[in-house]
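Listed below, chain by chain, are the residues.
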Amino acid sequence: MKRDFYTTTAIIIPVYNEGKVIKGVVNNVLKEFKYVICVNDGSRDNSAEEILQTKARLVNHPINMGQGAALQTGIEYARMLPDVDSFVTFDADGQHQISDVKHMLEVLRDKKVNIVLGSRFLGKVENISPLKKQVLKLATAFSNTTSGLKLTDTHNGLRVFDRHTAERMQITMPDMAHASEILTLIKRNKLTYVEAPVTIAYTDYSKAKGQSIFNAVNIVFDLMLKGKK
Amino acid sequence: MLGIQILLIFAAAVLGGYIFGNLHTQKGRAWKRIILILFIVAMVGAILFPNQTTRVAHLVGVGRGADLLLYGLAVAFVFFVFNVYVKFQQQRNQMYALARKVAIAEAEVRYK
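Just so you know, the sequences run in chain order A and B.
So the first sequence is numbered by this note's numbering: it starts at 1 and just counts up by one.
So the second sequence is numbered by this note's numbering: it starts at 1 and just counts up by one.
Just so you know, the hints here were simulated from the structure itself, not pulled from any lab data.
Just so you know, not all the hints are guaranteed correct.
Computed far set for chain A versus chain B, every beta-carbon distance over 10 Å [to be verified]:
| id | residue |
| --- | --- |
| 1 | F5 |
| 2 | N27 |
| 3 | K111 |
| 4 | S119 |
| 5 | K132 |
| 6 | V135 |
| 7 | T172 |
Here are the simulated lysine-lysine pairs, DSS-like style, with alpha carbons at most 30 Å apart [what the hints assert, rightly or not]:
| id | chain 1 | residue 1 | chain 2 | residue 2 |
| --- | --- | --- | --- | --- |
| 8 | A | K20 | B | K112 |
| 9 | A | K187 | B | K87 |
| 10 | A | K23 | B | K112 |
| 11 | B | K101 | A | K55 |
| 12 | B | K112 | A | K55 |
| 13 | A | K112 | A | K190 |
| 14 | A | K102 | B | K112 |
| 15 | A | K20 | B | K101 |
| 16 | A | K34 | B | K87 |
| 17 | A | K31 | B | K112 |
| 18 | A | K190 | B | K101 |
Every residue, glycine too, gets a C-beta built ideally from N, C-alpha and C.
Looking at chain A on its own, in the form it has when it is part of the complex (with noise of 0.2 Å):
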């Protein structure tokens, strides 16, 4: 089998507190790509000596600076491989698809734009909550209209982008407010996107660790204070 994508692509995943499930994960992703790079976000169980045991590369944060700041890290960090051309953002939860990982890869090839996000509401949902997905499609209206794109699910965890995309990758939001700061960024570097379908599997793991809804109004608040810095 011809092994496209393995040696040029970064797969990042922040980790936090994840012991449970991270090496199933991480093994599972690396049979398709070479680079794994696991950022453990100060973790308080076992995930970074499970990320030890495989083969994936850790980047060990010393304290917990949440999942934005743990993004922006693994991306610093796969920047400095000269091997890669693409990155890819991917949920330690293991509630992505390989098989979408690769379909955005060819995507991001085939029609020649920046970046690839994933959207839940293309594809196909397993398992989610009717309030949840109110939540979600909220958080996606907002998200439109504070960067001006055009969208049909913004928070989404899977996203597959070139080099041009990652030079430019500069998050400050530390919490889950990334996932709207990473559209503007989008718009002010004009950078080309097009969304991808994905599933989710919203398994029983997944959804005990998700983050609540109420998180919404931390986020909405946290962008309207940005910029003072």
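Based on these hints, arrange chain B on the given structure of chain A.
Just chain B now, kept in the frame of chain A:
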């Protein structure tokens, strides 16, 4: 509307502009200092002539000087809290940048 109501709503508006606009510039810092100096002058004035605070209070429609001081304190407190919040965010960002450098340097050694 009473004078004090206008003043307090104005203070709230300035705070709103402060939070959602961009006042953290040199101009913004200069204003903070001007306000600080005015505050010190008012403080000394209130100490030397305590009865005059009531006269000023009457000018803006407040019954007692003590009440006027309380309103002023409330406004000053909110500004103080927000200032601390912004400073705290700045320091956090600096700390995060440092921690990121450490994490990446460590990984570079591990996967050389």
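Verification of the supplied hints:
1. The Cβ of F5 (chain A) sits about 20 Å from the closest Cβ of chain B, beyond the 10 Å cut-off, so the non-interface label holds.
2. Annotated as non-interface, N27 (chain A) keeps its C-beta farther than 10 Å from every C-beta of chain B; the closest such distance is 18 Å.
3. With a closest Cβ-Cβ approach of about 32 Å to chain B, K111 (chain A) is found to remain outside the 10 Å limit, as its non-interface label requires.
4. Every Cβ of chain B is farther than 10 Å from the Cβ of S119 (chain A); the closest lies at roughly 29 Å, confirming the non-interface assignment.
5. Annotated as non-interface, K132 (chain A) keeps its C-beta farther than 10 Å from every C-beta of chain B; the closest such distance is 29 Å.
6. With a cut of 10 Å on Cβ distances, V135 (chain A) stays outside the contact zone with chain B, its closest approach being about 24 Å.
7. The Cβ of T172 (chain A) does not lie farther than 10 Å from every Cβ of chain B; its closest approach is about 7 Å, which violates its non-interface assignment.
8. Of the supplied pair hints, the one linking K20 (chain A) and K112 (chain B) holds, its CA atoms being roughly 28 Å apart against a limit of 30 Å.
9. Pair hint K187 (chain A) plus K87 (chain B) holds up; C-alpha atoms about 29 Å apart against a cutoff of 30 Å.
10. The suggested pairing of K23 (chain A) with K112 (chain B) holds, with an alpha-carbon distance near 22 Å, which does not exceed 30 Å.
11. A hinted pair counts as satisfied when its Cα atoms are at most 30 Å apart, and K101 (chain B) with K55 (chain A) qualifies at roughly 22 Å.
12. Proximity of K112 (chain B) to K55 (chain A) is assessed by CA-CA distance (about 14 Å); at most 30 Å being required, the pair is judged to hold.
13. The suggested pairing of K112 (chain A) with K190 (chain A) holds, with an alpha-carbon distance near 14 Å, which does not exceed 30 Å.
14. Straight-line distance between C-alpha atoms of K102 (chain A) and K112 (chain B) comes to about 28 Å, which keeps the hinted pair within the 30 Å bound.
15. A distance of roughly 28 Å separates the Cα atoms of K20 (chain A) and K101 (chain B); the hinted pair therefore holds under the 30 Å criterion.
16. At roughly 42 Å between alpha-carbon atoms, K34 (chain A) and K87 (chain B) are farther apart than 30 Å, so this suggested pair is violated.
17. Between K31 (chain A) and K112 (chain B) the alpha-carbon distance is near 22 Å, which keeps this suggested pair within the 30 Å criterion.
18. Proposed proximity of K190 (chain A) and K101 (chain B) is supported: the alpha carbons are some 29 Å apart, at most 30 Å.
Checked against the numbered hints given earlier, this structure breaks hints 7, 16; the rest are met.
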